[in-house]
Amino acid sequence: MRIKILATAAAVAAAFAAPAQAQVEIQWWHSMGGALGTAVNEVADKFNASQKEYKVNTIYKGSYPESMTAAIAAFRAKNPPHIVQVFEVGTATMMAAKGAIVPVATVMRNAKEPFEPKAYLPTVTGYYSDLKGNMLSFPFNSSTVMFYINHDAFKKAGLEPKAPKTWKEVIAAAEKLKAAGQQCVYTTSWPSWMHIENFSAWHNVPIGTKQNGMGGFDTVFTINSPLHVRHLAMLGDMAKKGLFTYAGRTNQGDAKFSSGECAMFSGSAGAQAGIKRAAKFEWSINFIPYHDDVKGAPQNSIIGGASLWVMGGKKPAEYKGVAKFFAYLSQPDVQMDWHTKTGYVPITQASYELTRKSGFYDKNPGADMPVKQLTNKTPTANSKGLRFGNFVQGREVIEEEMESVFAGKKDAKTAMNDAVKRGNDILRRFEAANK
Amino acid sequence: MEKRVVFRSAWLPYVLLAPQLAITVVFFFWPASQAVWYSFQLQDAFGLSSQFVGFENFRALFRDPHYLQSFKTTAVFSIAVSASGIVISLLLATMADRVVRGALAYKTVLIWPYAVAAAVAGVLWAFIFAPSIGIVTYLLKGFGIDWNWIIKGDQAMLLIIIASVWKQISYNFLFFLAGLQSIPKSLLEAAAIDGAGPARRFWTIVIPLLSPVTFFLLVVNIVYAFFETFGVVDATTQGGPAQATQILVYKVYHDGVKSADIGGSSAQSVILMIIVIALTAIQFRFIERKVQY
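Chains as they are written, first to last, in our numbering: chain A, 1 to 435; chain B, 1001 to 1293.
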């Protein structure tokens, strides 16, 4: 009884102690679990401490597809969050939802907050802007795909611990590693992102018509080109010879590399943090390999990761808060903090410069490789990014077809033709639904 | 003369029925009718625009060879899950029925898996059979078997069957055990005196007397395999590799929730609903006749 009274008294006291003027609360749904979640909370806490008017509440909503689904359901139930973090493949779906979202450019303009799309890396701006150059979502965590090698395994196989630059060199190294008894030679995370999407950009070939779908919903996939087929056939062949071990559709490859099971690995730049913590061997992060007989290769890689979308139907004061928060997030030192803590790419030129000057890259060799790869050349129509309707489904179709090649069930040509056919069906449905 | 209890009031029976009816309407008829309604529409993810498209969603499904393949996958999966689930649990129940000492302990352990959530069961088995770190994978390697369900479709299928069966065995076991215990001992003893061996007693007395239970379990298990195994699939293979474990109910979830294709997903659930209604009707019409109550 006594405890109860005390507790009530404490609660009443706490209620009175709260500031008289209510803060405007902003809900931010995100998908950053584990260490990344802590980093997200830190960002929000620092913003909340920096001013008194607004309070950003971070809510972890599960994986990327889960939080996107949750936001869509919340919108249908007329109670969406203010900000939702959506992964890159959801971009077209969000973009098409006029009325459900407010373009970031508009949010910033209405609140008269400074916002300069040109401050961002061109690959980042291109990915999240419409053709007129209006930024639709706020770039937050961007990564790209990188190539990692295990130096100890290389040395054991009598190889110089230097990353192969071309796929020819990869195969040569793979054969030596295999001969030296390496169980798993090469593996990959995110097979479609690495071997179709980034592969295409890196070799300056289109993934789909209409500038990879950026020019309109009436786009079709072009991933059954001879180069794509040839690359996939090569991977299938490597799988058959035991030079390539398939790990799964998401980031399952990360653990296979950091545990030392696989000697070479392609995965997100964001995998660095995990590898740094787990790997008990010397390793390095490198540019992804290319086919040296393709003209213009290597071009530049494209981003992955997620951006922040502002949902519609909220109060003007709340949008002001969102704009304030985004302005805060754009600051170079905030960006640098996020970049160095998480391993995601510094997405503004200024934050990259700042990080470089701070000496972070000297202490962490290779940490600037992702930016260098993203800005390797000025992006072309093929390497700016991609925007395909319902690409969540589209990417899975591609991955299913890739799996059938890796399992030796289909040849590369049939598989890629099927992927294009099935993928186009999805694009047509999306086009019809979003007229 | 037949004795009947008659309600004097005209409305009381309806009031008494109302809660049950309300639950059925709210949790079954209403969502089911919504699914039917959505299945004729093409909607964008946010529900901002929707058009009536008639049977277009259904036509799109049947044009897709992978959807048709999904029927085959589901058939293989459901038959395997129901059949092996029933056979194994009957075997276990028969053995548990004979145990004299420590019967309670055996029974408790056998019923245990029923309390495990489907997703947990999936993760559990996925761990045991994990391609690089699984303990069974390690043992299989000793026998020269390369176990990797991440890329081998048949093994992925086997994995979800094992996980699903394991989860359902307890339920079946309980019913079989109750069924076995209700078989009059006198019948078995009389048969034994007449010289029937254990196998013969089992086939001519136990099996026929268990047939109502078996029939009930058959219906329940097929419904289970069709609908409730979704958690197992989601936690392990997610329909892969290359759609080898894409059962119908998982595709409904995947297309509807993950891909936000409400129309296509609704069309699939309508088809699924029709299949299950048909299967249940067939079971009651034809198999039930062979059941001796």
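Hints listed in this document are in silico derivations from the structure and should not be mistaken for laboratory results. These figures come from a predicted structure and were not determined experimentally. One or more hints might be untrue.
Chain B residues, not near chain A, derived (Cβ > 12 Å throughout) [what the hints assert, rightly or not]: (1) G1047; (2) A1103; (3) I1151.
Beta-carbon label-pair distances, calculated as ranges [as the list claims (entries may be wrong)]: (4) A:K341 / B:V1076: 25 to 35 Å; (5) A:A179 / B:F1227: 42 to 52 Å; (6) A:N251 / B:F1227: 49 to 59 Å; (7) B:F1052 / A:N79: 56 to 66 Å; (8) A:K357 / B:F1227: 54 to 64 Å; (9) B:L1021 / A:S259: 49 to 59 Å.
From the three backbone atoms N, C-alpha and C, an ideal C-beta is built for every residue, glycine too.
Comparing the hints with the structure gives:
1. For B:G1047, the condition that its CB be more than 12 Å from all CB atoms of chain A is violated, with the nearest at approximately 5 Å.
2. A cut-off of 12 Å between C-beta atoms confirms that B:A1103 is not in contact with chain A; the least separation is 44 Å.
3. With a least beta-carbon separation of about 5 Å from chain A, B:I1151 fails to lie farther than 12 Å from that chain, contradicting its non-interface assignment.
4. Take A:K341 and B:V1076: their Cβ atoms lie about 48 Å apart, and the range 25 to 35 Å is violated.
5. Between A:A179 and B:F1227, the C-beta spacing of about 50 Å keeps the proposed range 42 to 52 Å intact.
6. Taking 49 to 59 Å as the suggested C-beta distance range, the pair A:N251 and B:F1227 does not conform, at roughly 30 Å.
7. Remark: the range hint 56 to 66 Å for B:F1052 to A:N79 is contradicted by a beta-carbon distance near 28 Å.
8. At roughly 59 Å, the beta carbons of A:K357 and B:F1227 sit within the given window of 54 to 64 Å.
9. A beta carbon spacing of about 57 Å between B:L1021 and A:S259 agrees with the range 49 to 59 Å that was offered as a hint.
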